[in-house]
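Asks: Here is how the chains run, residue by residue.
Number of protein chains: 2
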Amino acid sequence: MSKKSKKLTDLNQIGEFGLIDIITQDFKMVNQSTELSIGDDAAILNYKNQKSIVSTDMLIEGVHFDLSYFPLKHLGYKAVVSSISDICAMYGITKQITVSIAVSNRFKLESIQELYSGIKLACQRYNVDLIGGDTTSSQKGLIISVTAIGCPSKLGYVTRSGSKTNDLLIVTGSLGAAYLGLQVLEREKQVFLVNPENKPDLSNYKYLVERQLKPEAKSDVIDFLFENKVKPTSMIDISDGLSSEIIHICKKSAKGCQIYEDKLPISEEAISTCKEFKLDPTVIALSGGEDYELLFTINSKDFEKIENHNELTVIGHITNENGINLITKDGKTTPITSMGWTNF
Amino acid sequence: MSKKSKKLTDLNQIGEFGLIDIITQDFKMVNQSTELSIGDDAAILNYKNQKSIVSTDMLIEGVHFDLSYFPLKHLGYKAVVSSISDICAMYGITKQITVSIAVSNRFKLESIQELYSGIKLACQRYNVDLIGGDTTSSQKGLIISVTAIGCPSKLGYVTRSGSKTNDLLIVTGSLGAAYLGLQVLEREKQVFLVNPENKPDLSNYKYLVERQLKPEAKSDVIDFLFENKVKPTSMIDISDGLSSEIIHICKKSAKGCQIYEDKLPISEEAISTCKEFKLDPTVIALSGGEDYELLFTINSKDFEKIENHNELTVIGHITNENGINLITKDGKTTPITSMGWTNF
Chain S
1 MSKKSKKLTD LNQIGEFGLI DIITQDFKMV NQSTELSIGD DAAILNYKNQ KSIVSTDMLI
61 EGVHFDLSYF PLKHLGYKAV VSSISDICAM YGITKQITVS IAVSNRFKLE SIQELYSGIK
121 LACQRYNVDL IGGDTTSSQK GLIISVTAIG CPSKLGYVTR SGSKTNDLLI VTGSLGAAYL
181 GLQVLEREKQ VFLVNPENKP DLSNYKYLVE RQLKPEAKSD VIDFLFENKV KPTSMIDISD
241 GLSSEIIHIC KKSAKGCQIY EDKLPISEEA ISTCKEFKLD PTVIALSGGE DYELLFTINS
301 KDFEKIENHN ELTVIGHITN ENGINLITKD GKTTPITSMG WTNF
Chain G
1 MSKKSKKLTD LNQIGEFGLI DIITQDFKMV NQSTELSIGD DAAILNYKNQ KSIVSTDMLI
61 EGVHFDLSYF PLKHLGYKAV VSSISDICAM YGITKQITVS IAVSNRFKLE SIQELYSGIK
121 LACQRYNVDL IGGDTTSSQK GLIISVTAIG CPSKLGYVTR SGSKTNDLLI VTGSLGAAYL
181 GLQVLEREKQ VFLVNPENKP DLSNYKYLVE RQLKPEAKSD VIDFLFENKV KPTSMIDISD
241 GLSSEIIHIC KKSAKGCQIY EDKLPISEEA ISTCKEFKLD PTVIALSGGE DYELLFTINS
301 KDFEKIENHN ELTVIGHITN ENGINLITKD GKTTPITSMG WTNF
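Quick mapping for you: the protein sequence lines, in order, are chains S and G. Counting in my numbering, the first sequence runs from 1 upward without gaps. Counting in my numbering, the second sequence runs from 1 upward without gaps.
One chain only, chain S, in its complex shape (with noise of 0.2 angstroms):
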C-alpha cells in the first residue's frame, strides 16, 4: 500500500496477447521434454520420443457464456469441444482432458449434473477421457477451466509457423455463424426482458444458434487429412476470429497472404441474418469468433487429395511479401487487420 501513486497499467491498453507477451517473456525452459512451449493453440511435449500435445482454456461466466440463455448441458459441450479444437489445431488427436469448476452457492447438484452431462457427451462423441479436476466454489459465477491432451498424428504435430509461399489457405466449414447466433440470443434476451411472456422465436437462426449454443471440433477433418496423407504446413483454429488467427499463421510464419472476399464460406443463413442486422457479411465472417473451423495451408501439390472435400474452401494463398490482403470482390486489395475479439 504505497503512499506513492506510481502510474499503473490497464489492461485493456496492452490487450491479452500484449499481457501474454509481457509476462512470459523471461521465462527460459530448463526441461529437455518441453518441445514446444507458450505462443501457439497448444504446447508440444516429448517424454523419451513420445510427443504428447497440451492446451488449456478459461471459461467465466458473464465474460464467456450468459446462463440465461445458455443450457448448462450445452455448455459443458462446448467448454469440452473448445479444447479439442486447440488439439485439433496441433494435427492431434485429443485424448484426455481435465475439467476444474468453480461455482456460487446458488448452483444446485442438479446444476452441476446437467453442466457434467453435456462434458459426458462430448467426451463420448470424441474418444475422450475425463482423468481429473477440481471443484471449488467462486465468489460469483461459474468458472470452468479445462486441459486437453493428446497425441500428435503419425504424421507429425503441425504449428502455425511451417506455411510457405505459394501454399494454399484454406478453412473448413463456414464462417461467422456462431457470432450470428449469439447476436440472435442476445436479442430474444432483450426482448424477454422487457415482456417475459414473450416466447423466443428461434426457428428461422437454428443453425446459427446451435452453432452457437453447440459447436464441433473438426476432428473429422484431422482424419481426413491424415487419411489422405495430408499434412498441413501450418493451422490453427478459428476461436477469434478468421482475421485474428490469419495475422497470427502469417506472422509466426514470417510470410504474407491474400484472401479473396468472394472465397469465404459463409452459409446462406448467416447472410440473410446479417442482412436482417444490418451486417457486413465479409466483417462477420472476418472477425465474428467461436466457429472452431480450422484455418490451415497446404503446399499447392496436395490440393487434388483434398479438393472433393465439400467442407473444405481454398480462400487464398500464402505471398512472400509481408502484406496480409483481402481482395474484394471488386478487385480492390485491402490490409486485414486483427479485429479479434479482446475480453479485456
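Treat each hint with caution, since some may be false.
Listed next, the in silico EDC-like pairs over lysine to aspartate or glutamate satisfying Cα-Cα at most 16 angstroms (straight line) [claimed, not checked]:
id : chain 1 : residue 1 : chain 2 : residue 2
1  : S       : K73       : S       : E268
2  : G       : K6        : S       : E110
3  : S       : K108      : G       : D10
4  : S       : K251      : S       : D201
5  : G       : K7        : S       : E110
6  : G       : K108      : S       : E16
7  : G       : K231      : G       : E304
8  : S       : K6        : G       : E110
9  : G       : K108      : S       : E216
10 : G       : K6        : S       : E114
11 : G       : K154      : G       : D223
12 : S       : K214      : S       : D10
13 : S       : K6        : G       : D223
14 : S       : K108      : G       : E16
15 : S       : K7        : G       : E110
Far from chain S by the CB rule (all over 10 angstroms, computed), these chain G residues [unchecked claim]:
id : residue
16 : K48
17 : K214
18 : E321
Because the hints were derived from the structure by calculation, they are not lab data. Cβ coordinates follow ideal geometry from the N, Cα and C atoms, glycine included.
Given the structure of chain S, go ahead and fit chain G onto it with the hints provided.
Replies: Here is chain G on its own, set in the frame of chain S:
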C-alpha cells in the same frame, strides 16, 4: 424454468468429495493411454510406455486466498507449489505447468507481473517450465488455475492405495503451521480494519506466516527416497489436513491404521500459538490444511534407510482392521474422523 418446484440439492449437503463421486460416476475410460483416472492426487497417462502424471488445481480469491494480506508474488509461488506437491505425492517430478488466470478490471498490469514473478520464482526453484495457459477477465476477483505435468520416478509412481498391514506411516516436516499462520493473518486483518494506523507485528509468528504465505513442495524428500531406493507403498500430500488424508489412504488401501498423538510433529511456535489462540495442537495438526507435507507408508524393512532423515517422522502404522484410530497421550483409542476442510 419449470414452474413445478422440484426439490433441488444444496452442494453443502453433499460436500466436495460427494460431488466428485456423483458427477464422475458414469464416465467410462476409453483410451489405453489413460492408466489412472480420477481419485488420486493426480492422473497417470501412458503414451506408448512413457508415463506422465497430470494434476490440476483452481484457486479463487475470497475462497482460497485474501489479497488484503496475501502478496501477489507469494500467491503465484504458492499456486505453483501446490500443484507440484500433487505430483510429488505420486512419487513424481514436475516438468511442466500451465497457468490460466482471470482478473477483474481492478487489476493492473503491474499486479499481474507481481503474480507472475512468483510463478517464475517457483518454476526456477523446482526446474519447471511454464508451457501455456489462458488469460481472461473475470466478473469478480482473481482466479488461478494450474495444471502440472510430470514424470514418475524411475522406481514407478505411487498411489494412495498400496499400503499393507504393518507398513509404517510417515509424515514430512511439521503439521498445523500453515493453518495457524492463516489464523494470525486473519486476526491482524481484523485489527487493521478497526484501526488502520495499527501496524501488524508478525515477528513472533514468522515461521507460521511463512508456512501459509510461502509453502514449499517436498520434492527434496522425493529425491531422498529415490536416492535411497525407498519406494513408498502409498502416498498423498497433506493439503486438506492429516485426518482427511489418512482416511483417503486407508479407504483406498482397504486398511485401517493407528497413529500416536505423541508422535505428531508440531513445531514449538505452533504449540505456543495454539496456547495463545486456545486451540488444541493435536486438533490443529490433524485438521489444519495447506501444509503441503507428504504422508506416506513404507514397508518396515525400509525403516533403517530413512531413520536418520530429520524431516521424516513415523507417526503410526497400518492395521488389518478397518478402524482409523488415534492413540492419545494417555493411551486411549479414539477414531479419527475427517475434519478436512470443505469449501462448500
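Asks: Next, verify each hint and record whether it holds.
Replies: To see whether the hints hold, each was checked on the structure:
For the hint pairing S/K73 with S/E268, the CA-to-CA distance comes to about 28 angstroms; that exceeds 16 angstroms, so the pair is violated. For a cut-off of 16 angstroms, the pair hint linking G/K6 to S/E110 stands: about 10 angstroms separates their Cα positions. A distance of roughly 5 angstroms separates the Cα atoms of S/K108 and G/D10; the hinted pair therefore holds under the 16 angstroms criterion. For the proposed pair S/K251 and S/D201, the alpha carbon gap of about 43 angstroms is over 16 angstroms, so the pair is violated.
A distance of roughly 10 angstroms separates the Cα atoms of G/K7 and S/E110; the hinted pair therefore holds under the 16 angstroms criterion. For the hint linking G/K108 to S/E16, the alpha-carbon distance of about 13 angstroms falls within 16 angstroms, and the restraint holds. For the proposed pair G/K231 and G/E304, the alpha carbon gap of about 13 angstroms is at most 16 angstroms, so the pair holds. Among the hinted pairs, S/K6 with G/E110 is consistent with the structure: their alpha-carbon atoms are about 10 angstroms apart, no more than 16 angstroms.
Our distance criterion of 16 angstroms between C-alpha atoms is broken by G/K108 and S/E216, whose separation comes to about 35 angstroms. Proposed proximity of G/K6 and S/E114 is supported: the alpha carbons are some 15 angstroms apart, at most 16 angstroms. Restraint check for G/K154 and G/D223: satisfied, since their Cα atoms lie roughly 11 angstroms apart, inside the 16 angstroms limit. Distance hint between S/K214 and S/D10 is unfulfilled; the C-alpha atoms sit about 34 angstroms from each other, more than 16 angstroms.
Proposed proximity of S/K6 and G/D223 is contradicted: the alpha carbons are some 44 angstroms apart, above 16 angstroms. Distance check on the hinted pair: S/K108 and G/E16 sit about 13 angstroms apart at the alpha-carbon level, within 16 angstroms; holds. Taking the CA atoms of S/K7 and G/E110, the gap is about 10 angstroms. The hint holds against a cut of 16 angstroms. G/K48, annotated as away from the interface, has a beta carbon of chain S within 10 angstroms; the closest lies near 5 angstroms.
No Cβ of chain S approaches the Cβ of G/K214 within 10 angstroms, the least distance being about 20 angstroms, so the stated non-interface status holds. Annotated as non-interface, G/E321 keeps its C-beta farther than 10 angstroms from every C-beta of chain S; the closest such distance is 31 angstroms.
The structure does not agree with the numbered hints 1, 4, 9, 12, 13, 16 stated previously, though it agrees with the rest.
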